[in-house]
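Please put together the full structure from these sequences, using the hints given.
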Amino acid sequence: MAGPDDAAGLSRAIGSAAFVLALRERGVRDTAVLRAMEQVPREHFAPAPLREHARRDIALPLPQGQTMTAPSVAAAMLGALDMRPGVRVLEIGTGSGYVTALLVRLGAGHVRSLERYPGLARAARERLGVNLNDATVEAADGLGPDSAERHSFDRILVNGGVAALPPHLPAALKPGGRLVMGLWSGRGCRLVTIARDGEAPPARLEGPALRLGPMTPGRGRVS
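The opening position of the sequence shown corresponds to residue 1 in my numbering, with each subsequent residue numbered one higher.
A hint or two may mislead.
Here are the computed distance ranges between Cβ atoms for each label pair [what the hints assert, rightly or not]: (1) 138 x 201: 23 to 31 Å; (2) 146 x 22: 35 to 43 Å; (3) 187 x 25: 21 to 29 Å.
Bear in mind the hints are in silico, worked out from the structure with no lab data behind them.
This structure is a prediction, so every number in the text was calculated from the model and none was measured.
Cβ coordinates follow ideal geometry from the N, Cα and C atoms, glycine included.
Structure below.
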C-alpha cells in the first residue's frame, strides 16, 4: 500500500509531466531544456503565496518590483543559449534563482550570477542550496562595465530586456560563445542572440518577440 510520501511523489511527477506537456504545446521543442524544467521544481523558487501558480506559464512577481520570467520565455532564451557541458556562464539578473538552477542542470561548469538587489541575491542563494557548488550568486550591477572585467565566458544570459546592448558583454565572450538577451525597440522586446565565431566580429541574430521585464542598470538601493 502506498504511503503519503509515495502519493506526494506521484503527484509531483504527474504535475511535472503536465507542466512539460503544456510547454511543448506552446512550442518549446528543446528536449534538454524541457528535461531540466521537469527536474527543477519551479515552485521551490516561487514566492510562497504564489507557489500554486508556479506550474502555469505566467510570470510571477518577486520583491523589489522584479518578476520571475514565464517558463516558455525562459525556455526560449535557454534554447537560444545552446548550452554545452562544462561551459562557463555569466547570468545577469538572478531573480529567484530558478534560471540559475536550470543552467546548472543543463550542465554548466560554473554559473556566475549577478543580481542588483542584495535581498534577492541572499534569497536565491538559500533556495539554490547545494547547487551553489556549481554557481555563485553576487549582489552586483550586472549591466555595468565591471560585471565582466578580467573575465571571459562561454555563455552570457541577460534575464530581461535592455534598450541597448552593453558593449562590454560581447567583448567578454570567448570564441564560439553566445550571448542571449531581450532587446527593446519600437517593435517591442525581441530575443537577440550574439554569436562569436572564432576571432570574427560577433554576429547578431534576431528572434521572436518576448514578454520580458526591463533590466535596470545600477545597484539596487533596497536590501
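Flag every earlier hint the structure violates by its number, smallest first.
As far as the earlier hints go, not one is violated by this structure.
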